[in-house]
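When you get a sec, could you build the whole thing from the sequences and use the hints?
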Amino acid sequence: METLAAFAPALPEIILAAGAMVFLMLGVFSADNARTGVFIGWLTVLLMAGVAIMIGTGGAERVELFDGAFVVDAFSRFCKVLILGAAAVSLMLSFGYFERERIMKFEIPVLALLSTVGMFMMVSANDLISLYLGLELMSLALYVLAAVHRDSLRSSESGLKYFVLGALSSGMLLYGASLIYGFTGTTSFTALASTLQAGEAAQNLGLIVGLVFLLVGLAFKISAVPFHMWTPDVYEGAPTPVTAFFAGAPKVAAMALLLRVLHDAFPGMLFQWQQIIVFLSVASMLLGSFAAIGQTSIKRLMAFSSIANVGFILIGLAAGTQYGVSSVLIYLAIYVVMTLGSFAVVLAMRRANEMDETIGSLAGLSQTNLPLAVAFAALLFSLAGIPPLAGFFAKFYVLDAAIKAGLTPLAIIGVLASVVGAFYYLRLVKIMFFDAPGEAFTQAEPAVRWVFTLSALLVTFYVVYPAFLLDAAGTAARALVP
Amino acid sequence: MLTAVFFYLFAVLAIGSATMVIVARNPVHAVLFLILTFFNAAGLFILLGAEFLAMLLVIVYVGAVAVLFLFVVMMLDVDFAELRAGFINNAPIGLIVAGIVLIELVALFVTGAAGGLPASIPVPAPGVETLTNTEQIGRVLYTKYVYFFQAAGLVLLVAMIGAIVLTLRHRDGVKRQSIAAQNARTPATGLEVIKVPSGGSVFPASEGPR
Numbered sequence: 019m020e021t022l023a024a025f026a027p028a029l030p031e032i033i034l035a036a037g038a039m040v041f042l043m044l045g046v047f048s049a050d051n052a053r054t055g056v057f058i059g060w061l062t063v064l065l066m067a068g069v070a071i072m073i074g075t076g077g078a079e080r081v082e083l084f085d086g087a088f089v090v091d092a093f094s095r096f097c098k099v100l101i102l103g104a105a106a107v108s109l110m111l112s113f114g115y116f117e118r119e120r121i122m123k124f125e126i127p128v129l130a131l132l133s134t135v136g137m138f139m140m141v142s143a144n145d146l147i148s149l150y151l152g153l154e155l156m157s158l159a160l161y162v163l164a165a166v167h168r169d170s171l172r173s174s175e176s177g178l179k180y181f182v183l184g185a186l187s188s189g190m191l192l193y194g195a196s197l198i199y200g201f202t203g204t205t206s207f208t209a210l211a212s213t214l215q216a217g218e219a220a221q222n223l224g225l226i227v228g229l230v231f232l233l234v235g236l237a238f239k240i241s242a243v244p245f246h247m248w249t250p251d252v253y254e255g256a257p258t259p260v261t262a263f264f265a266g267a268p269k270v271a272a273m274a275l276l277l278r279v280l281h282d283a284f285p286g287m288l289f290q291w292q293q294i295i296v297f298l299s300v301a302s303m304l305l306g307s308f309a310a311i312g313q314t315s316i317k318r319l320m321a322f323s324s325i326a327n328v329g330f331i332l333i334g335l336a337a338g339t340q341y342g343v344s345s346v347l348i349y350l351a352i353y354v355v356m357t358l359g360s361f362a363v364v365l366a367m368r369r370a371n372e373m374d375e376t377i378g379s380l381a382g383l384s385q386t387n388l389p390l391a392v393a394f395a396a397l398l399f400s401l402a403g404i405p406p407l408a409g410f411f412a413k414f415y416v417l418d419a420a421i422k423a424g425l426t427p428l429a430i431i432g433v434l435a436s437v438v439g440a441f442y443y444l445r446l447v448k449i450m451f452f453d454a455p456g457e458a459f460t461q462a463e464p465a466v467r468w469v470f471t472l473s474a475l476l477v478t479f480y481v482v483y484p485a486f487l488l489d490a491a492g493t494a495a496r497a498l499v500p
Numbered sequence: 048m049l050t051a052v053f054f055y056l057f058a059v060l061a062i063g064s065a066t067m068v069i070v071a072r073n074p075v076h077a078v079l080f081l082i083l084t085f086f087n088a089a090g091l092f093i094l095l096g097a098e099f100l101a102m103l104l105v106i107v108y109v110g111a112v113a114v115l116f117l118f119v120v121m122m123l124d125v126d127f128a129e130l131r132a133g134f135i136n137n138a139p140i141g142l143i144v145a146g147i148v149l150i151e152l153v154a155l156f157v158t159g160a161a162g163g164l165p166a167s168i169p170v171p172a173p174g175v176e177t178l179t180n181t182e183q184i185g186r187v188l189y190t191k192y193v194y195f196f197q198a199a200g201l202v203l204l205v206a207m208i209g210a211i212v213l214t215l216r217h218r219d220g221v222k223r224q225s226i227a228a229q230n231a232r233t234p235a236t237g238l239e240v241i242k243v244p245s246g247g248s249v250f251p252a253s254e255g256p257r
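Protein chains in written order, with the numbering used here: chain A, 19 to 500; chain B, 48 to 257.
Some hints could be false.
Unchecked claim - Straight-line Cα separation of at most 20 Å, SDA-like style, residue types lysine to any residue; simulated pairs: (1) A:K123 / B:H217; (2) A:K448 / A:P389; (3) A:K123 / B:M207; (4) A:K422 / A:L488.
Treat the hints as calculated values from the structure; they're not laboratory data.
This is how it looks when you write it as structure tokens:
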């Protein structure tokens with residue numbers, strides 16, 4: 019019999035899940051007001067920080083639990099720390115906004131915490147069943163968060179849209195998983211990988227159809243073109259801090275899950291899934307870059323920017339090598355910092371109590387609020403991939419990995435798409451620095467100011483000490499692709 | 048032979064009633080056809096020897112979910128004809144896409160192109176044959192699959208919190224019975240002695256002058 023100590027590798031998940039339930043009870047039996055919500059929100063952030071330290075200082079060996087359904091290794095540790103960081107920062111950004119909008123409830127941090135548990139399960143999934151359960155736990159909490167501003171038509175609409183399309187994608191994913199199970203007789207990633215080692219097994223058409231459906235389901239979650247339709251509407255309709263949450267942690271989790279499935283379960287079908295990933299990557303980069311040009315809402319622009327970034331991340335995945343995996347992880351880490359910083363800027367775009375999320379309202383920001391303008395400019399230059407900012411290195415590593423894997427045409431398309439992308443990022447810089455100024459924004463709350471300042475500093479000075487991230491990503495990649 | 052007859056009976060009825068669920072004009076009829084679909088699916092489970100799942104399907108889906116649907120359909124005043132209006136416009140494209148996928152999948156599996164995997168179907172654990180269905184599930188659900196069981200529990204918890212967050216509203220001005228307050232009433236708080244002037248009229252202080 020297993021003793022309780024054998025469950026120690028799953029301790030982070032257990033602590034987060036138990037913490038969510040404790041906070042829920044705490045909230046239910048406290049006064050029903052915004053102060054309870056903010057208090058529990060800060061408790062959640064503290065818990066996340068504690069768990070992140072626990073994971074970061076833990077050992078790095080590979081451990082399988084629950085009959086091989088759950089795996090902990092250096093890769094899962096890297097992604098979990100990143101997810102916790104993104105989730106905690108976007109929670110901190112949210113309190114001021116929710117209080118002003120009078121929708122701060124203690125359930126919001128609890129739902130974010132439960133969704134983080136789901137992301138942890140995705141990152142640690144080693145079985146098709148745990149993959150699905152983790153994905154569903156994460157998504158279900160996200161649907162509710164999108165609709166949390168229930169008196170706003172846009173928020174409810176975005177929640178409903180996300181829910182319906184998410185249910186559709188879950189259906190496709192389950193169909194694919196059932197085909198894979200039907201043809202191989204197993205749901206375990208380890209057993210799948212060993213079954214597919216035989217050359218002709220990977221050629222099996224039924225299995226390929228299953229893999230395609232599985233990838234369609236996952237492509238919905240990372241909003242890769244042509245499964246991106248929900249992204250702009252959901253990003254625009256959901257309350258801004260929720261959008262910041264969507265753009266950070268769930269993207270990391272879904273991408274990590276994709277890496278885990280393709281490299282742990284289907285390494286023998288590299289040729290088959292590489293074509294799919296290359297197509298998704300090219301389509302996402304091109305559509306994301308071109309469609310962002312005509313946008314007037316900064317949230318929609320960020321949605322298309324995230325689609326384009328997903329395209330770039332998929333370049334590293336398409337390479338199918340260890341270097342490719344580490345480049346994806348580096349990109350994800352830098353992308354999270356840039357995105358959260360940009361959303362902190364969006365949250366600072368407020369006059370009195372009125373959010374103004376049009377691009378035009380940024381006009382002449384350098385004259386009314388220079389620190390905000392400089393920080394946003396640094397983030398935009400980084401998103402555009404201009405050296406020596408962090409975003410340049412992120413793009414450099416994925417393109418390098420693609421060229422080393424013999425995917426030079428893909429890398430060329432990537433460079434061209436990033437030129438188009440640079441246009442709309444730089445247009446924002448031009449609006450901020452050279453247009454006639456409008457009315458000044460109200461001073462943002464401290465958390466928002468801290469986040470955009472810190473993220474701008476991080477992307478600017480990443481070049482000084484890149485070794486930390488490179489080493490961590492390298493170790494994580496070695497754990498996934500030996 | 049008899050099994051085959053029942054299989055086709057259940058399968059045809061299940062597909063037929065499932066079709067009726069989406070084409071029936073009256074939403075109440077649609078829910079009733081849904082119940083018929085569930086019963087036929089339960090029949091299929093019994094043919095497979097999975098009697099526990101069959102009973103579960105009847106108890107949970109027919110007993111709880113379908114009845115709940117029926118309540119919702121009857122209580123909510125939703126104009127289903129209006130909802131359908133957009134559906135008819137989009138139906139041709141949907142049918143074309145569904146048709147293409149169906150033809151592709153049928154072609155794939157009929158031509159046998161999808162066959163030929165090494166047989167890796169797991170053999171049942173020894174000694175399992177003598178156990179009943181329920182015992183077999185019970186043996187793995189809380190041991191081998193305890194992780195999935197707990198995770199499913201968390202998913203349900205999120206669904207519960209979500210439903211409350213999105214729908215519960217605290218209304219002001221609702222009069223609720225407070226037994227403690229009723230018991231705490233004394234003649235001093237509940238009675239009011241008023242002198243009525245002759246020829247005049249009075250009202251209790253709680254109602255105020257009209």
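Cross-check of the supplied hints:
no.: 1; hint: A:K123 / B:H217; verdict: 13 Å, holds
no.: 2; hint: A:K448 / A:P389; verdict: 16 Å, holds
no.: 3; hint: A:K123 / B:M207; verdict: 15 Å, holds
no.: 4; hint: A:K422 / A:L488; verdict: 18 Å, holds
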